[in-house]
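**Student:** Spelled out, the chains give:
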Amino acid sequence: MDLFPLWNSIRVAGISTFITFFAGIFAAYYVSFAPRAVKGAFDCVLTLPMVLPPTVVGFFLLKTIGPLGPVGSRILALFGFKMTMTWYSAIFATAIVTFPLMYRTVRGAFETFDMDLQYFGQTLGLSDTYLFWRVRLPNCKQGILSGTVLAFARALGEYGATTMVTGYIPGRTASISTTVYQLWREGNDALAYKWVFVNLAISFIVLISVNMLETGKRSVAV
Amino acid sequence: MSLYAKIRHRAGRFRLDVEFETGPGVMGLLGASGCGKSMTLKCIAGVIRPDEGLISYDGRVFFDSRRKIDLPPQVRGVGLLFQNGALFPNMTLSDSIAAVLKSRGDNAVSAASLVKKFHLEGLENHYPENMSGGQRQRAALACIMARGPSVLMLDEPLSALDSYLRWQLEGELARVASEFGGVTLYVSHNRDEVYRMCSSVCVMNAGRTEALRSIDELFESPDTLASCLLSGCKNYSRAGISDRGIRALDWGTELACAVRFGPDTEYVGVRSHYVRKSDTKTGTNVFACRIDRVTRDVFGTIVNVIPLGAPSDGDFSRIRMEMPREEATGLRAGDEIYVRIRPEDVMPLKK
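Heads up: the sequence lines are chains A and B, in that order. Just so you know, we're using the working numbering here: the first sequence kicks off at -12 and counts up by one. Just so you know, we're using the working numbering here: the second sequence kicks off at 2 and counts up by one.
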């Protein structure tokens, strides 16, 4: 069994989670301070990829970063590399599809954050940057962690948008989800099952680790 | 060394419109829940930006909407103690103090001396969740003093505590405030706390402040319904002015009043222990009542009476009397008694 799809999926999911981690947190932070009208509009736009069919996201992506798209054509002309049909094309697709999960979970955590902690810290002379990293984030740890894990799990399982921008090239762009589909089309059920179980195992590990993180929060120092 | 605040701010339907100036010593901000006390403190601290106004301390402008000055809370030097302490849940006591001392950047105070000063020895490595309510407040005070504020503001610091701890911490706060010596604002809805802690008081009602006055003025001669309610008075009637004095509409009786009152008098108030049983049936401010209810209290008896002349639809007709237990023996609900109010105990009130 060629393990390339496993490696590729983890690589893509890891990098796109890294991107959505920061993008999601900062979007959530700024939206939570935005005036109400702006908030509503931003919230809609930022959540859109979650409710759109992934194929629609893939379609838009192809139209922008494809070799004929406004972004894709320029990058091809300037740097000479294609943004579609490569392994890293999947990063754009999964990052967009998983972004709302991170953004919404973190925003929820920020909204329950006790602003008095922030106020108290400000009156103590602590900078807003310090308070963001050392007070707000640690106290919203739960939400940020579950957002990250959910985004990672979703990235591993992303199929629709990914398959449109990467296609299926064995040993180059194949991921677990596209491999399972390909094997099923070829009637290779035995191998398809193997990949299905790999996927199940990863999902279980991810979900169990979330639960463990949540229950074993912080051991009390007395 | 005085703090001046004139603040106008809207939040949804709520309108805040306050103005006061106070010097060194403890000033109370007394008002019912939701009247804008905490919002006022947050505006002074700089964590909420008011719509308009002027806030300055000792000649230094913190906020001026006209000149577009708005100093960030970090540099105002205003310490704010929250009801629950607002300590960072993810930091131990020594972490928090160290963070404040580090941002301050000098060695004028040491963490150890603060820990000692606020009796926090042994709690240095505790997280707030492992401290009692009183310890949390003292720990928060230690952090505030680590910052070295020039104005100290205490926002309902005792409300989250049970009564024994409350009494202990109150003593602590009084000591801190007097050692601090600068401008201190003490926010509370509890008149007893304010009476004991403060030298002057500003009553707040529905987002507006009344004139600043000494604590004795408020308790001896409140002049508005709101300040009278806050000073703990329990008996009110709507009032009309008549040639003999004040007509208490809800009690159906004329009251002679020894205090001067203006034409804007709309209510009259009498404190519970100034309504006394009368042995005679006639005399100044003597009138007949029927006993509605007799309640034994911890150290005395509360007798609720309804004046015989009260209109049947009066919501405020019930008068509460408080007396020692011996005086109340033999009084039963349904009995008729005569009560007397001395003219000097009648308080005419503006709206």
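Simulated from the structure, these hints should not be mistaken for lab results. All values reported here derive from a predicted model rather than from experimental measurement. Just so you know, not all the hints are guaranteed correct.
Subject to a maximum C-alpha distance of 20 Å in a straight line, what follows is the list of computed SDA-like cross-link-like pairs (lysine to any residue) [said to hold, decoys possible]:
hint : chain 1 : residue 1 : chain 2 : residue 2
1    : A       : 128       : B       : 96
2    : B       : 278       : B       : 212
3    : B       : 103       : A       : 119
4    : B       : 103       : A       : 105
5    : B       : 103       : A       : 116
6    : A       : 128       : B       : 91
7    : A       : 128       : B       : 92
8    : B       : 278       : B       : 339
9    : A       : 128       : B       : 339
10   : A       : 26        : B       : 13
11   : B       : 103       : A       : 9
12   : B       : 103       : A       : 128
13   : A       : 26        : B       : 12
**Student:** Tell me if the straight-line CA distance from residue 103/B to residue 116/A falls inside 20 Å.
**Tutor:** The given pair, whose Cα atoms are some 15 Å apart, holds under the 20 Å limit.
**Student:** Take a quick look at whether residue 128/A and residue 96/B sit within 20 Å of each other, Cα to Cα.
**Tutor:** 18 Å, holds
**Student:** Tell me if the straight-line CA distance from residue 103/B to residue 128/A falls inside 20 Å.
**Tutor:** 24 Å, violated
**Student:** Need the status of pair residue 128/A, residue 92/B: alpha-carbon distance at most 20 Å?
**Tutor:** 14 Å, holds
**Student:** Decide if the proposed pair is consistent with the structure: residue 103/B and residue 105/A, CA atoms, cutoff 20 Å inclusive.
**Tutor:** 18 Å, holds
**Student:** Quickly compare the C-alpha distance for residue 128/A and residue 339/B to 20 Å and report which way the hint goes.
**Tutor:** Between residue 128/A and residue 339/B the Cα gap is close to 67 Å, so the pair fails against 20 Å, i.e. violated.
**Student:** Checking one constraint from the list: CA of residue 26/A to CA of residue 13/B, max 20 Å. Satisfied?
**Tutor:** Within the cut-off at roughly 17 Å; holds.
**Student:** So if I understand the rule, the pair passes when the alpha-carbon distance is 20 Å or less; does residue 278/B with residue 212/B pass?
**Tutor:** Violated: residue 278/B and residue 212/B sit about 36 Å apart, past 20 Å.
**Student:** Measure nothing beyond the straight line between the CA atoms of residue 128/A and residue 91/B; if it is 20 Å or shorter, mark the hint as holding.
**Tutor:** 10 Å, holds
**Student:** Under the criterion that the straight-line Cα-Cα distance not exceed 20 Å, is the pair residue 26/A, residue 12/B satisfied?
**Tutor:** 17 Å, holds
**Student:** Taken at face value, is the distance from the CA of residue 119/A to the CA of residue 103/B at most 20 Å?
**Tutor:** 17 Å, holds
**Student:** Hey, residue 103/B versus residue 9/A, does the alpha-carbon distance stay inside 20 Å?
**Tutor:** Between residue 103/B and residue 9/A the Cα gap is close to 28 Å, so the pair fails against 20 Å, i.e. violated.
In summary, the structure is inconsistent with hints 2, 9, 11, 12 from the numbered list given earlier, while agreeing with the others.
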